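Trainee: Could you use the hints to bring the two separately framed chains together as a complex?
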Amino acid sequence: MKKTLYIFNNGELRRKDNSLYFETDGQRKFIPVEDTNDIFIFGEVDVTKRFLEFASQKEICVHYFNHYGYYMGTFYPREHLNAGHVVLKQAEHYLDKEKRLTLARLFVKGSIGQMRRVVKYYTSRVKSGQEQLTECIDRLDHHLDILPQQKSVEELMAVEGHAREAYYSTFDYIIGDADFRFEKRSQRPPLNRLNALISFGNSLCYTMALSEIYKTYLDPRIGYLHATNFRRFSLNLDLAEIFKPIFVDRLIFYLLNKKMLTKEEFDRQTGGILLSESGKRTFVAEMDKRLKTTISHRHLGRSVSYRRLMRLELYKIQKHILGEKEYEPYQALW
Amino acid sequence: MADVKAAPYEMPVTGVHIWYYFICKREVWLIVHQIAADQDDENVDLGRFFNDQTYQRDKKELSFGHIKIDRVREERGELVIGEVKKSSRFKESARYQLLYYLDTLRQMGITARGELLFPKERRKEIVEWTPEAKTKLDKAIADIRKIARFPVPPPPKKIPFCQKCAYREYCWAEEG
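Chains A and B, in that order, are what the protein sequence lines are.
Per my numbering, the very first residue in the first sequence carries number 1; after that it's consecutive.
Per my numbering, the very first residue in the second sequence carries number 1; after that it's consecutive.
Just so you know, the hints here were simulated from the structure itself, not pulled from any lab data.
One should not assume that every hint holds.
Said to hold, decoys possible - Cross-link-like lysine-lysine pairs, in silico, DSS-like; alpha carbons within 25 angstroms at most: (1) B:K146 with A:K89; (2) B:K164 with A:K319; (3) B:K164 with A:K292; (4) A:K2 with B:K164; (5) B:K146 with A:K319; (6) A:K325 with B:K157; (7) B:K86 with A:K319; (8) B:K157 with A:K319; (9) B:K146 with A:K215; (10) B:K146 with A:K325; (11) B:K164 with A:K3; (12) B:K86 with A:K2; (13) B:K164 with A:K151; (14) A:K325 with B:K68; (15) B:K164 with A:K58; (16) B:K86 with A:K325; (17) B:K146 with A:K258; (18) B:K25 with A:K89; (19) A:K3 with A:K89; (20) A:K319 with B:K158.
As the list claims (entries may be wrong) - Looking from chain A toward chain B, a few residues come up when the C-beta cut is under 7 angstroms (computed): (21) A83; (22) H85; (23) D96; (24) H299; (25) L300; (26) L312; (27) K316; (28) G323; (29) Y327.
The model shown is predicted, which means the values in this text are computed figures rather than measured ones.
We put the CB at the ideal spot given by N, CA and C, even for glycine.
Just chain B, with the same shape it has in the complex (with noise of 0.2 angstroms):
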């Protein structure tokens, strides 16, 4: 048999990872360790009833590596993808994670347009692949990876985002 010296291993980023390093650090780590949110949390529940609800004359859901894209659909011959939000409080984000499979696109060779879409705003915006992101994606994908190798996540800070995030109890357990 030949002999098959092994990859070393990298641990696989996802569209969800990137979105919470721009937010928050502390929930990168708890994803990849598998700490679930509380799913009995009201806007979990409604992050899944959107997803169900909204687009429902599109595409949905295409997975593929460790990504997986909300909609997927071709306008005038050029392929145009979308990541549906609940709100654009946090759009930075958002756009990284659209950012992240256009990038992931382009290295299998597929030029693609990104939409950020808001269907509770009625909005939308276009996000489209740039050097400047491109380096700033590779820094935040580096930086997952060395978050996820911490033995402990990184302390809870209070952001506006906690106000509703479904970790906010478990961060905040304590008395103070």
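In isolation and in its complexed conformation, chain A is listed as follows (with noise of 0.2 angstroms):
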């Protein structure tokens, strides 16, 4: 499988011929453009417009975050995926409101699952609060039941926001360090730590299911659960809800856990708590093992990357508009 390319550092992007290489402090890094899937830029780096030109050609999303570590925007190549039909299909299922209906419940369905899965893993592991998180799994199986009674996509919304507010009450129970309390969820700006790290992970799951869209007949700005605007992309977001939990989540507990961040690791910026350089390289670095971690698919007959997993949802996804079969959110048994 192809490589994610992470930038911390400031410097140059470049094309040389048919290669590509970024220039920091006069040495000069070349990237093996054919197994270059995408590239995040953290640091300070100036792009030439024959590097955009070869990007866009070699098909490699950019995705640039600001020095906060906020996601700031994508250079998004031309498509090279055409397929009105999947298009078409894509929209109908937009502007019919059973049909979008169904694909937002489907999705926050996915959703829920997933917070149930964590909180189900760590309920025979914390050292307290296992009442807690039993409580939790029941109102979370609540919600999943009144998903069929909601007739908005508002609705929808509200169950979603109620189920992860349930969820991440869960949280301190299963850090258990008084470094990282959750609180209350706060983001931009994030005011304690472990916001910080939930809105950093996040935002880093939203940008990986873009790159994934651009690898399918999907739009990416039309989505189901999250309300198109066209102003930014939005089934990235309906996408990323599924595998929140357990790409991001869980690592945030692993990498507490295993005290591989510490409070050390975060500024304190006007009026919000942020992720330090190295806090950011360590969760990229640890984030990106994860990803490449594999397991096996039965259907499929074989095994899979963690990453894989989102590119199988949108397959499913577009077979589910084109009318082939209905989705169902995957599930994850982890």
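Mentor: Spelled out as structure tokens, the structure:
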């Protein structure tokens, strides 16, 4: 599988003949272009038009994050996969209220299902709070049960929000570290360390989902749970809902419980708390490692990486919108 | 202006359609609907490489109408057209793909001989037009047009081809 390149240093990205290189402090590091899937830029990096042309030709998405680690945008190369039939069907599923609701409901179902899986995993492992975790599972089950009665996307969003609240309430038991209290969810800016980690991890997850969508026929602008508004991508947000609990949250628990990230890795910025550069490096490296781990896939009859699961999910969504097979969100067994 | 009446639309059938028709009908539908297989797949890369690297000396790729011939040459005044394949595993498919080309040429009044080429196996095989083959070919063409009109693709079926097919993840994405 092709690799993701993460750049934290400051420098320049250039094209040299049929190859790419990154130059920093007079040192050139060549990038194997045929083996690069996408590039995440965290440092101050200058690019040239020639570089962007080449990235487009080689179908490489370039994602930008600002100094604080916030997602800024993507150089999304020109569409290379076009199938009028798929785009029309995707739009049809957005415009038809019932069809849109069906998909939105499935995304929420997948999302809550994954949260449930995470809590379940930790129920027998936490030092204290087993009861609270068990209670949380009951609440998540209740939220799953009431999904069919929700008659609008807004109602579905509300159920998802309540489920997530219950889910987050278990984090203090799972982490059990006074330096990383959840308190409440705060974003832009995150007000404590744990929130800083969640925000950073989620934005990586959204971005990866976008890269995967680029490799399919689906249009990232047409989402179902997250409204399409033609200003930003939204299908990747829908897709990420299903993967955030297992890709991001479980990684955070792992990093904190293994003391790979400590409070020293956080800086107080204007009004908020953010992960330091070395903290971001650790996070990104571990996430990349995790996404490369493989699990066996029964139906395919071979193993696939965690990241590949995102692509498979998109294939399932595409089959749903083509009317071939109803989408059933991914359910982790781990 | 003269009254021009449009001829009823007939979907152009290509050699690739014929090839897949004898392997997997679902793939025919996907290709007709321009839903290409995973381009990152290693076998897709390998195919591209083979196409670029083999039979460099011969005149390569001749396109006309809706067909594209891998290799064209002349041997003692006779036209020889070749179709290159990675392996002889799906020979039946390859044979009909080539027969389709031969038949198209015949309709244009050109007699040619066909050769299936398996560079990796250092092997080739002669294919010749026969009335029996033509009957089977015509049925396949009519069937391909029928499949193209299905609103949804035929459901996936596990066949030996799936193992190395670039659509396998698309077809078998569900956890089952």
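Trainee: Is the straight-line distance between the alpha-carbon of A:K2 and that of B:K164 25 angstroms or less?
Mentor: holds, 18 angstroms
Trainee: Please check whether A:H85 passes as an interface residue: C-beta within 7 angstroms of a C-beta belonging to chain B.
Mentor: holds, 5 angstroms
Trainee: Next pair to validate is B:K157 with A:K319; report whether the Cα-Cα distance is within 25 angstroms.
Mentor: OK: B:K157 and A:K319 at ~15 angstroms, within 25 angstroms.
Trainee: Given a cut of 7 angstroms on the nearest C-beta pair, is the interface hint for A:H299 held or broken against chain B?
Mentor: Check passed: Cβ of A:H299 comes within 4 angstroms of chain B, closer than 7 angstroms.
Trainee: Given the hinted pair A:K3 and A:K89, is their Cα-Cα distance within 25 angstroms?
Mentor: violated, 31 angstroms
Trainee: Verify the proposed pairing of B:K164 with A:K292, using a straight-line Cα cut of 25 angstroms.
Mentor: holds, 22 angstroms
Trainee: Holds or violated: A:K319 and B:K158, Cα atoms, limit 25 angstroms.
Mentor: holds, 17 angstroms
Trainee: Would you check whether A:G323 satisfies its interface hint, that is, whether its CB is within less than 7 angstroms of any CB in chain B?
Mentor: Since chain B brings a Cβ to about 5 angstroms from A:G323, closer than 7 angstroms, the hint holds.
Trainee: Does A:K316 hold up as a contact with chain B if the rule is Cβ-Cβ below 7 angstroms?
Mentor: holds, 5 angstroms
Trainee: Hinted pair, alpha-carbon criterion (25 angstroms max): B:K86, A:K2. Please report holds or violated.
Mentor: holds, 24 angstroms
Trainee: Between the alpha carbons of B:K146 and A:K319, is the straight-line distance 25 angstroms or under?
Mentor: holds, 21 angstroms
Trainee: Take a quick look at whether B:K146 and A:K89 sit within 25 angstroms of each other, Cα to Cα.
Mentor: holds, 21 angstroms
Of the numbered hints stated above, those contradicted by the structure are hints 7, 9, 13, 14, 16, 17, 19, 23, 29, listed in ascending order.
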